[in-house]
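Chemist: With the hints as extra help, turn the sequences into a complete structure.
Read in order, the letters of the sequence shown are residues 73 to 383 in our numbering.
Relax, there's no trap hidden among the hints.
Ranges between beta-carbon positions, derived for each pair:
1) E216 with G295: 35 to 43 Å
2) H366 with Q154: 17 to 25 Å
3) E204 with A110: 36 to 44 Å
Calculated from the structure, these hints are not laboratory results.
Even glycine gets a Cβ: it sits at the ideal position worked out from N, Cα and C.
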Amino acid sequence: MADSEGTTPTTSTPNSIRIVEVGPRDGLQNERVRLNPAERIRLIERLVDAGVREVEVGSFVHPRWIPQMAGTDEVLRGLHRQEGVAYWALVPNRRGLDNALEAGAEHVAVFVSSSETHNRRNLNRSIDESIENVREVVSDARQEGLTVRGYISTVFGCPWEGDIDFDRVLDIARELFAMGVAEISFGDTTGMGTPYQVRDGMTRALDAFGPERVALHLHDTRGLAVANALLAVEAGVTTLDASIGGMGGCPYAAGASGNVGTEDLVHLLHATGRNTGIRLEDLLGISRSLEDEHGATLRSRYHAYSRAGHS
Numbered sequence: 073m074a075d076s077e078g079t080t081p082t083t084s085t086p087n088s089i090r091i092v093e094v095g096p097r098d099g100l101q102n103e104r105v106r107l108n109p110a111e112r113i114r115l116i117e118r119l120v121d122a123g124v125r126e127v128e129v130g131s132f133v134h135p136r137w138i139p140q141m142a143g144t145d146e147v148l149r150g151l152h153r154q155e156g157v158a159y160w161a162l163v164p165n166r167r168g169l170d171n172a173l174e175a176g177a178e179h180v181a182v183f184v185s186s187s188e189t190h191n192r193r194n195l196n197r198s199i200d201e202s203i204e205n206v207r208e209v210v211s212d213a214r215q216e217g218l219t220v221r222g223y224i225s226t227v228f229g230c231p232w233e234g235d236i237d238f239d240r241v242l243d244i245a246r247e248l249f250a251m252g253v254a255e256i257s258f259g260d261t262t263g264m265g266t267p268y269q270v271r272d273g274m275t276r277a278l279d280a281f282g283p284e285r286v287a288l289h290l291h292d293t294r295g296l297a298v299a300n301a302l303l304a305v306e307a308g309v310t311t312l313d314a315s316i317g318g319m320g321g322c323p324y325a326a327g328a329s330g331n332v333g334t335e336d337l338v339h340l341l342h343a344t345g346r347n348t349g350i351r352l353e354d355l356l357g358i359s360r361s362l363e364d365e366h367g368a369t370l371r372s373r374y375h376a377y378s379r380a381g382h383s
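Modeler: Written out as structure tokens, the structure is:
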């Protein structure tokens, strides 16, 4: 059991947690600040230098829809890739996959929502139509030797539909795994999840698919992301998505504020005796640069604490 200060995890929980840094994609895509490809390359390389070993570098959506992601091909081509680091790119369709392949992508991600309304607002198609589109992309990507990650959005609630039937979420996950997706990130896209709800949902996902294929993607819209993360880790989740500085949100869901801050998650995990391989002080330096040099709106609580002069 944990000690009285909560600094040692229980023997049933994982000691090493994998962080997938999504700031350069999911973070920046909903920020008013726009970093050019060279600035995004610098951000990604600083994150890797801080110990990040999984990073989303951008998405191959048309810049008309998400202008912050313009030049993702330049970012992928310009990176000095380090051995042992996975550089992920989001691809919405076959054309996006073709562009990713031309830029040298080795790891790509696909996505679908568990809410019909959110899926139509995000992708302008039904869930079933999206799954068929994803099926083609995954098949072609795997034939090219790429690793594919899947995202399922709004798994703990939708601002238009309310509660989501988690049986539907698991059914979508089964379809994605049957296509050959290596891992699925279950997304609390608008931050509606509550701690016990997240714990119970992730326990079901872990029981169905195993910890090596399950990740959790949290937003801090209602201030519960860190609590949700802790209960998920105690349930056995070993992979968490996070965004530097807490940047981001969902551009198609008003009020869906930023992703859980990488600094906040790393602080939580280190404080509870877990290892991430990421240096917290280096993350804080990156966040300060985003704020001071680029005017990014940062929501990470630990970043704010640090800026107030605390260590």
